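Quick note on numbering: the UniProt record's numbering labels position 701 of the sequence shown as 701, and the sequence is numbered without any gaps.
Everything labelled a hint here was simulated from the structure, so no lab data went into it.
Simulated restraints, written as ranges between beta carbons of each label pair:
(1) Lys196 <-> Glu370: 33 to 41 angstroms
(2) Gly125 <-> Asn615: 56 to 64 angstroms
(3) Ile41 <-> Glu302: 53 to 61 angstroms
(4) Ser539 <-> His239: 53 to 61 angstroms
(5) Ser457 <-> Leu369: 22 to 30 angstroms
(6) Gly649 <-> Ser539: 29 to 37 angstroms
(7) Gln309 <-> Asn343: 13 to 21 angstroms
Using 20 angstroms as the maximum straight-line C-alpha spacing, the simulated EDC-like pairs for lysine to aspartate or glutamate come out as follows:
(8) Lys74 <-> Asp115
(9) Lys156 <-> Asp123
(10) Lys140 <-> Glu179
(11) Lys506 <-> Glu541
(12) Lys347 <-> Asp392
(13) Lys295 <-> Glu306
(14) Lys506 <-> Glu495
(15) Lys53 <-> Asp98
These numbers were taken from a predicted model, which means no experiment stands behind them. All C-beta atoms, glycine included, are put in the ideal place defined by N, C-alpha and C.
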Amino acid sequence: MLVTLSLPSSTSHEITLPLSTMPASVSPAASTIRPSTDTLIRLASSDHGVQLKALRDVKNQIIGNRTKKLVYIKLGAVPAVASVLADALDGSGHSSTDLLVQSAAALGSFACGVDAGVRAVLDSGALPCLIQLLSNHDEKVIGSAARSLKLLYQSKLAPKYDLSENGSVELLHSLLNSENENANGLAASIIAHSCKASAEQKAFCLNGILAKLIDLLGGSISQRDASLESLASIMKSNHEVASQFVKYERGQALNLLVNLTNERSTRTRLLACACLITLRNVSSTYLRGRGTETKLVRYLVELLEEPGQVGEEASFALSSFIEDDEHLQKLAFDANAIDVLCNHLQKDPLQPKRLEGILIALARMCSRLEFCRAKFLQMQAFNSVSEALHHDCADVRGAACICMRNVTRSVQNLSAGFFMNENIVIPLLELLHDPNPFIQLEALCAISNIVVNFRTSNSSFIRWGGLKQLVQLSVSMDPAIRSNSLCAIRNLTFEADNKCKAEVFKELTASSLASLVSDPDPSVQEQALAIVRNLTGGSLESIQYAFAEGGIILDAVQRQLECASTVESGIQGIFVLSNVASGRDAHKDAVMDRLLHNMGSGSNPPYLLRFMQSNDSRLRTASLWLVVNLASPSCMGASRRIAKLRKAGVVSQLKIMVKDPCLDVKVCRAGAWHFFPLKPSFEPIADYSPGNFFLSAASSDDHTGSVPDLRRQLKIELFMCIALRIFPVLLHSCPSGCPIPFGLKTRNSILLLSTSITDPFATSS
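Take these sequences, add in the hints, and give me the full structure.
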C-alpha cells in the first residue's frame with residue numbers, strides 16, 4: 001500500500017512511500033493529502049491516469065472522515081467528480097471503466113451519512129448518470145453504481161422513484177432479478193424510500209412488484225433478503241396490500257414467510273420477523289391461531305444475542321412489536337427479554353446504535369407493566385441508563401430519556417423516593433438545555449414523573465434549580481416545551497405542602513400564570529389550569545393564590561371557561577372554581593358572580609349549565625361538584641346562592657340528570673340535590689334495583705300530589721346515605737379523583753407520562 005506525502009509549501013513535489021516503510025512517528029491519517037484546489041485541478045486533467053489517481057485519493061480520504069468530506073464538498077469536489085463520471089460515460093476502454101467505478105464509488109462516499117453530501121450529489125446532476133450505469137455490461141460498474149445509489153436512497157433527501165417514467169418498472173425488476181447483491185439491496189432501498197404513502201404502496205403493487213417480491217422469497221439469500229426488506233415497506237400500515245399478500249395463492253406466501261423465521265441466516269430470520277410484525281400491526285387477525293406471536297417474541301429475544309447489525313436491529317424490531325400491547329410485553333417478559341437486554345446494557349463498550357436499541361426496547365417493556373419495571377430495577381441496570389444520559393450520541397441520550405420516563409412511572413418506587421436522586425435528576429436537568437428539542441421534551445417527561453410527591457419532599461429538586469429551569473421553559477416559543485414544562489410543575493404541586501406551593505407561586509408569579517391560562521395552545525391551557533387547581537387545593541390560605549394581584553388568575557380562569565376549547569381545559573377550570581368555592585362566603589360569592597355574570601345579557605346560558613349538559617361524563621361530574629360546594633349550607637349565604645342557582649336553571653338540569661348513565665354523575669347529582677329544598681309536589685321514589693337506585697323523574701302510580709314531611713325526610717336521608725357510602729369509595733379508587741363533597745377541596749391533579757407529549761408525546765394517567 002502506498003501513501004502520498006505533501007512536502008512543505010516551498011516545493012511543489014510529492015513523494016510516495018510504502019506504508020510499511022513509514023517512520024513509526026508518522027500516522028497514516030497525518031500523511032494523507034490535505035484537501036486542496038490541487039485535487040480539483042487533477043480531477044479536471046485530460047490524462048485519465050491523473051484523474052483516476054485523484055479519484056482514489058479523494059475517496060480514500062473521505063471514507064469515515066466526516067470533516068474532510070465536508071471540506072471537499074465546500075471546495076466543489078462533488079461537481080468535479082460528477083463531471084468525470086459524465087465524461088467517462090461517453091468514453092470506452094479499460095481506463096473509462098476504471099473511471100466509472102471510482103467516480104461512482106467516490107460519489108457514494110460523499111453521500112454516506114452526510115446530508116450535505118447527498119444534497120451536493122443531487123445538485124451535481126449525477127443521479128441520472130448513476131442510474132444509467134446500472135445498464136452497463138461490466139459487473140464492477142453495476143456494483144459500484146448500485147452501492148452509491150443505495151446510499152443515496154437511504155437518505156430522506158433523495159427523490160421518490162417515479163414508476164410512471166419509461167423503463168422505471170423494468171429497471172426495478174432487473175435489479176430484483178440480478179445476482180448482484182448490491183443491485184438487490186438497491187432495489188430494496190428504492191422501494192423502502194418510495195413507499196411512504198398508501199398511494200405509492202399501491203402503485204408498486206399494480207406494477208407487479210408485489211408478485212415479483214413474493215417470487216423472490218424462494219431465490220438466493222441476497223434476493224430473499226432484499227425481497228423481505230421491500231415487502232415490509234410495501235405492506236406497512238396498508239391493509240389492502242397486506243391483504244393481497246396474505247391471500248396470495250391461498251396463503252402460500254404467508255406460510256413461506258413464517259418458514260423463513262427458521263432459516264439458518266440470522267439476517268433472513270430477522271427480516272422475516274420484521275415482515276410478520278408489519279402484518280400483525282396492520283391486523284392481528286392475520287396471525288391469529290398460529291401461535292406466531294409467541295414464536296416471534298422468542299425469535300427476537302434470541303436474535304438480541306447476535307453480534308453486529310442483526311443484534312442491533314433485533315432490539316428495534318422487538319420494540320415495534322411490543323409497543324402499547326401489554327399481552328406482548330408479558331410474552332417478552334416470560335421470554336426473559338429484560339434479563340437479556342439488561343445483560344447487554346451492562347456490557348462495555350456498546351456501539352451507539354446497539355445501545356439506543358436496547359434502551360428503546362427496555363422503555364417499551366417498562367411502559368405499562370409494574371412487574372417489568374420491578375424486574376428491570378432488580379437487574380441493577382438503572383445506573384447504565386443514567387450514564388447514557390451523558391452519551392455523545394443524541395439518539396442514545398433521547399433513548400435513555402424515554403427509558404427513564406417509563407421506568408419512573410413506578411408508583412411504588414416514586415413513593416419511596418427512589419428516583420429523587422442527584423445522579424438521576426441533575427443529568428436530566430442538564431438535558432433541558434440540549435440543542436435537540438426532542439431530547440428536551442423527553443427529559444421534561446421523565447422529570448414530570450420524578451417530581452410526583454407521594455410521600456417525599458421536593459425540596460431537593462427545588463434546591464438543585466429544577467423549579468427555576470421549568471419556569472424558564474414555560475415561556476418557550478415551542479408550545480410542546482411550554483406544555484411539558486408546565487406538566488412537570490403540575491406534578492410538582494401534587495399534594496404539595498404550603499412551603500412548596502409558595503416557592504412555585506413565587507417563581508411563576510400570578511401574572512405569568514394568568515397569561516399561561518390564556519395561552520393559545522390548548523395543551524398549555526390545560527396544564528396551567530391544573531397547576532392553579534393544585535395550588536388552590538388544601539388550606540384556606542391556598543385559596544388566596546386565586547385572588548392574588550386583584551384576582552387576575554381567577555379572571556383568566558373565568559374567560560377560559562367561557563370559551564373552553566377542549567373538555568380537558570373545562571374540567572381543570574371547573575375544579576379550580578370548585579376549590580375556591582370550598583372556602584368562606586366571600587370565596588363562594590366570588591365564584592358565583594363569575595358563573596352567572598352574563599345571565600341577564602340574553603347571550604348563551606351560563607357555562608356551568610353547558611358543562612352539566614356536556615357529552616363528557618367527567619365534565620358533568622366536575623360541574624356537579626362545583627354545585628355541591630356552592631350550595632353547601634356551611635356558610636351564611638347558602639340560601640342566596642341556592643336561589644341564584646335555581647334561577648339559572650341548575651335545579652331543572654339536576655332533575656334531568658337523574659337518568660344519567662354515568663354512576664359518578666348520579667352520585668354527585670344526589671349530593672347536590674340534597675341542598676335544594678324540595679317543592680310541595682311529590683317526586684316519586686325510584687325502583688331500588690341494583691341498576692336504578694336514584695331519584696327518577698318518570699311518572700309514578702302515586703298521584704297524591706303531596707307527601708308527609710317524614711316520608712320526604714326519609715327519602716332524602718336514604719339517598720344521602722347511599723351517596724355518602726359511595727363517595728369514599730370513589731375518592732379512594734381515583735388518585736386524581738373527585739372533590740370531597742360539602743365544601744372541601746378537590747383532590748390534586750397529577751399526570752404520569754408514559755409516552756411523549758409531542759406526538760406529541762400522548763399521555764396516560
